[in-house]
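Peer 1: Take a look at the letters that make up each chain.
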Amino acid sequence: MSLTLEDVSRRVGGQTHVDRVSLTLEPGSFNVLLGRTLAGKTSLMRLMAGLDQPSEGRILMQGEDVTGRQVRQRNVSMVYQQFINYPNHSVYANIASPLKIAGVGRQEVDRRVREVAEMLHIEHLLERTPLELSGGQQQRTAMARALVKDADLILFDEPLVNLDYKLREEFREELRTLFERRDCIAVYATTEPAEALALGGYTAVLHQGRLLQYGPTAEVYHRPATLTAAEMFSEPPINVLEGRVREGEVSFDSEVHFALDNDLAGLADGDYRFGVRPSHLAMTPRADDDLALDVAVELAEISGSETFLHVRNEHVALVAHLPGVHAFGVDEAIRLYFPVHRLYVFDGEGATVHVPRSAGAR
Amino acid sequence: MAEITLSGLAHSYQASPAGAADYAIRQLDHVWEQGGAYALLGPSGCGKSTLLNIISGLLAPSEGEVRFDGVAVNDLPPEARNIAQVFQFPVVYDTMTVFDNLAFPLRNVKTPEAKVRERVAEVAEILELTDRLERKARNLSADDKQKVSMGRGLVRDNVSAILFDEPLTVIDPQLKWKLRRKLKEIHRRFAVTMIYVTHDQLEASTFADKIAVMYDGQIVQFGTPRELFERPNHTFVGYFIGSPGMNFIEVHARDGEVVSGAFPLVLDAATARGVAQVCQDSSNVKLGIRPEFVEVCTEAGADSMTAQVLQVQDLGTYAIVHLGLGEISLKARIDEGKPMPGHEAHVRFPAQHLGLYVDEFRREDRR
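Those protein sequence lines, which keep their order, are chains A and B.
Oh and the first sequence: position 33 is 33 in the numbering used here, straight run, nothing missing.
For any residue, its number in the numbering used here is found by taking its place in the second sequence, counting from 1, and adding 362.
So here's chain B without its partners, still in its complex pose (with noise of 0.2 Å):
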């Protein structure tokens, strides 16, 4: 069990980068806690798997050094790492019985038997395999076979961090939530540093208590799956967590007036005033807020913007509308049940769900 740390790391997959275009992984330092749940979010292409690789040891890093515990496992081969890793497709020995998959990371360090006997159960009893240990792996279904998979990296005391990508892709989509928890129980039983590598903001959310967002080559964000959503500190997390994402909304100060375009903003004073101190700064300011936070009404008020109402979209248990506020088109989602509005919609944009992002970035101190 280790605590992982990932210091001044960069990777490129070319001899000699020229520019930060080049490199898969820029400029990284970041530490996954000894024992803690986590998730490592992306879209593919963001560095994700270049990451995994070079904390199991497969890929060794241009810059930067991975430390285990405060000692650095650059120079280890993965084997001496003890990372225990689970991939999309399960990898077991087809014609050993499960007993004997499960038995197979003891017997290679030639652990007594006694002892090898006593871990297997364990495991198998946690991962409801007991009634199956006899079997040929060949014979179990593909979620038994994933189990079988995750096991092995649980069997062995002295792993370091177990490592997941996208463990989940190929099982029965009824069957997913069942080893979602399997998942967290045994995180809970084993308290061991477990890292999970997935594309899918369900997968991530659902195990981690944290989330590092991977954008572009860096960790754009580290925070819980609440913080992800209510306060995303990029603008790409608030686009890639929530379904439909956050809209964005490019803004500047002109003549004491926030506009966006030509349209004037109705905002509430102290975000009015923060949008006009950081435009003398930077000309990419925009202001954030998520569809479930534009508040549509369908009479006006006193601080509301009128807009009109392009596309509703039913989605059965609410609908999505998409607005247009001048140029700016927009999303809100109205629950079933509230009032939808016809052609013209009044929208207002409550202070505390509002973002102020300069240069992609939120920033916190607007008031």
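Excised from the complex, chain A in its bound form (with noise of 0.2 Å):
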């Protein structure tokens, strides 16, 4: 079963919440639709669920025009934010109440409960009610009552915020594996570019509304197509250097300058931003050719293993991110080195006009 939205809009009272969106979802795809707050992530899944109907364009599934169709007519399930389960039945009957609903009967419905419960490790707690449960073990009844009805279309809308980082990250794992041997269509929406990475699948990087880039999710981080791609899908978000090119020669505000490598000498003259991802940002050279730029520490956050170093000088303010944990004082004075041939350039209007050749290369 293929999904393909033919440019869909939406709109409610003066606003757009999705606007001229097309896109086609493969059988067996897992999708990430990555967005920051109010980019239109919900009210697309909605669209596709057919909860709302879209104010313009079309929506197929297999190649039929679904378009007006319930979502009750649709063989869809969806997982929210919140751990929706019935209070006061068990983790059991939880599981089962779309099975039942669809009047399967009783020893297909013990088979499959059982067989879902296990795949998402709350076998032994099936005779529990919810309230007895953590908030990860009510995500997983939660996300087990999706999966049990073989639906066509699972829709995850941010399942994961709710839970601490440790339960995040062995979700997201399950996840992936969960999906392997599925042939329905999964969609998973995330404000969180690194939990975009690590579902990996396809990626749909969402901005107002609008699609801006949809591919395989490593190629649409590597190779974004528009400056606000890449800053949307980054976290910290690349840095951008205001630049010029003048006969062969690039300059960064007034200190730094460099000759136009086999790189970049394609460019022509003219005024460009440069975008430095915050992890080629190092506290020491790694080649010859590497551009220092002196800067102020305004903050080193830290997080467990990987430093995100706030920095800025009267030009400039960006992100380094370094591995291993380092201490810095707030206003101390450091210099940071990037290598210019891993620089990404987007001209005035922000589309990409340079992907370093070693981007996602291994």
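Please keep in mind that the hints were generated in silico from the structure rather than gathered at the bench.
Just to be clear, a hint being listed does not mean it is correct.
Sample of chain B residues lacking proximity to chain A, with all beta carbon distances greater than 12 Å (derived) [to be verified]:
| hint | residue |
| --- | --- |
| 1 | Leu414 |
| 2 | Val433 |
| 3 | Pro467 |
| 4 | Asp534 |
| 5 | Glu547 |
| 6 | Cys641 |
| 7 | Gln642 |
With a straight-line Cα cutoff of 20 Å, these simulated EDC-like cross-link-like pairs (lysine to aspartate or glutamate) come out [what the hints assert, rightly or not]:
| hint | chain 1 | residue 1 | chain 2 | residue 2 |
| --- | --- | --- | --- | --- |
| 8 | A | Lys166 | B | Asp562 |
| 9 | B | Lys540 | A | Glu314 |
| 10 | A | Lys166 | B | Asp578 |
| 11 | A | Lys149 | A | Asp110 |
| 12 | B | Lys538 | B | Asp562 |
| 13 | B | Lys700 | B | Glu689 |
| 14 | A | Lys149 | A | Glu174 |
| 15 | A | Lys166 | B | Glu722 |
| 16 | A | Lys166 | B | Glu592 |
| 17 | B | Lys572 | B | Glu547 |
| 18 | B | Lys540 | B | Glu528 |
| 19 | B | Lys538 | A | Asp164 |
The model shown is predicted, which means the values in this text are computed figures rather than measured ones.
All C-beta atoms, glycine included, are put in the ideal place defined by N, C-alpha and C.
Bring the two chains, given one by one in their own frames, into a single complex with the hints.
Peer 2: Structure below.
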């Protein structure tokens, strides 16, 4: 079963929630909708599910127009941020409920409930009620209910937001394997670039109701089509240096100049925005032609095994993503280095004009 | 301002606790030094909220003593302990101005108005609220409201400590780092003991000079963010800090070899000796190594082991490779631009990055 959106828009009052989105999701694909709050993720999912109808455009399943069809007539499951379960029913009854409504026989119900409970590691909790469970176990129950009925389309609307980060890590890994052998389409909304990367599959980057880019997740990350797509798909966001090219030389601010090398030789004179990934900034040069920037530390954020260093100078504010744990004083003066051959280049309109050759290469 | 000592502390929510499992906090001794920036980090249900409530006086511990500067405060009610608290959700009086909100704790104790104005001006300046002092609090954004909550803790100059309970939960993700910076500035300027309670490693490590990691009613490690990363004292710390967490391999000694299941591990001599020695006393022995420190090579070497590559997660700036080493599953981090193995990889465990864990705690004297 494939799902196609053809030029779909959704307007409510005077506001456009979804703006002319065209997209085809292949059978068995795992798809991430990535975007900040109010980017249109939930609106788009509700259109896919048939909970809302588009103001314009068509929705096709396996080539068949299902635009006006209600959610009940589509074979769709949904998992939400909040853990939604029937509080007075056992975990078993919760998982079995969609099958009972569909009139599936008792033995078949039992077989499928136990199978999916085992996949989600809650087989020992089947006799309990949801209120006796932890948040993670409650969300597992809700997921089991969504998975048990063999839907054509399963929608996850930021399902891990209310769980702590260790549980999120475990869930992400499990979800990948859970969907490897399914032929339904999975759609998963998140605000977090790291979550999209961890889930893999395909990613659709959404911004202000528009679809900016769709493709294999790693490909979209490494080869963003626009500066906005690059910014939406990186956390901390990709750093931007305003620069200009004149007669074969690039300059940032007044301080940093370098000659265009082979990679960038094709750049015509003009103003550009140069993108530096936070992970490409380093405390020590890794090559002779690395560029240096003198900056002051605003804050070192430490995430267990990594350091996110917020720095600025009179021209620019940047974030560096350093491996390992490093302490810095607030306002400490340091020098950061970055390699020319890893620069992304965007034109005045924000369209990508150069992707580093090393991007995504192993 | 005070040094806070927790001595022989234990707490059970049950009237007559039968065993260790009935305790939310188990036999805990700890000192928070005057003026330190601390975090109390742990998963939900680890006992950190219980501990916070015992310090602030909302809860009386079943056993043990809480001392402020050496004086027991068990019998003092919360208001007499001079503890300021900042909660997940900002606590402000919506109908009052920002100024009156900040002045409230001072006027409560009948501070002269001139002194009130002086302190409020000082605190508003560092919190960057000066231009909003006359506004009604209800019109503020969530982050400004949370700053007002913090400010109310800072205006009094006699607070023993400020306790933060997940204070950035409702703050917009793009603004969080600015408030984190603000908190550090505040700590530097006021030199008051601050304890920041969170389940988030980033919140804890960014704010605190030292972190107490809590697990199952106990503080299993008290150390700097770097120590927690490089030398986790307990398997839980290894798991909880870092994404993904530390790899742990169950091992035992067999015929002069170190094996995991049936798989013989290639280790440096000192580590192998250490394992053999501790295995005489315990059947729960593990080796720990972080994914960042597992060396993955495309060519076999004398001290390498052959692993199957089960899965590769491209996380953009680096990849996590899931490896199968016999029955052992192992994660390794490979940075962008480094060669990626095919179906097979050759792995090494550098001696300086291996930790030896006996009954879940790290054993330092293995050499």
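Peer 1: Next step is simple, just say for each hint if it's right about the structure.
Peer 2: Hint by hint, here is what the structure shows:
The Cβ of B:Leu414 lies farther than 12 Å from every Cβ of chain A, with a closest approach of about 17 Å, so its non-interface assignment holds. Consistency note on B:Val433: stated as away from chain A, and its beta-carbon is indeed over 12 Å from all of that chain's, at 34 Å minimum. Under the 12 Å C-beta cut-off, the non-interface status given to B:Pro467 relative to chain A holds; the minimum distance is some 27 Å. Once the 12 Å rule is applied to beta carbons, B:Asp534 is inconsistent with being away from chain A; the minimum gap is 9 Å.
Chain A draws B:Glu547 into its interface by the beta-carbon criterion, the shortest separation being 7 Å against a cut-off of 12 Å. For B:Cys641, the requirement that its beta carbon stay farther than 12 Å from each beta carbon of chain A is met, with the minimum near 29 Å. Here B:Gln642 stays apart from chain A, with its beta-carbon at least about 34 Å from theirs, past the 12 Å limit. Of the pairs offered as hints, the one joining A:Lys166 and B:Asp562 holds, with about 9 Å between alpha carbons and a cut-off of 20 Å not exceeded.
This hinted pair checks out: B:Lys540 and A:Glu314 have alpha carbons roughly 18 Å apart, not beyond 20 Å. A distance of roughly 16 Å separates the Cα atoms of A:Lys166 and B:Asp578; the hinted pair therefore holds under the 20 Å criterion. In summary, the hint linking A:Lys149 to A:Asp110 is supported, as the alpha carbons are separated by about 12 Å, within the 20 Å threshold. This hinted pair checks out: B:Lys538 and B:Asp562 have alpha carbons roughly 13 Å apart, not beyond 20 Å.
Distance restraint check for B:Lys700 and B:Glu689: the Cα-Cα separation of roughly 26 Å exceeds the 20 Å cut-off, and the hinted pair is therefore not satisfied. Pair hint A:Lys149 plus A:Glu174 holds up; C-alpha atoms about 19 Å apart against a cutoff of 20 Å. Restraint check for A:Lys166 and B:Glu722: the C-alpha separation of about 19 Å stays at or below 20 Å, so the hint holds. Pair hint A:Lys166 plus B:Glu592 holds up; C-alpha atoms about 19 Å apart against a cutoff of 20 Å.
Taking the CA atoms of B:Lys572 and B:Glu547, the gap is about 16 Å. The hint holds against a cut of 20 Å. Straight-line distance between C-alpha atoms of B:Lys540 and B:Glu528 comes to about 16 Å, which keeps the hinted pair within the 20 Å bound. Restraint check for B:Lys538 and A:Asp164: satisfied, since their Cα atoms lie roughly 17 Å apart, inside the 20 Å limit.
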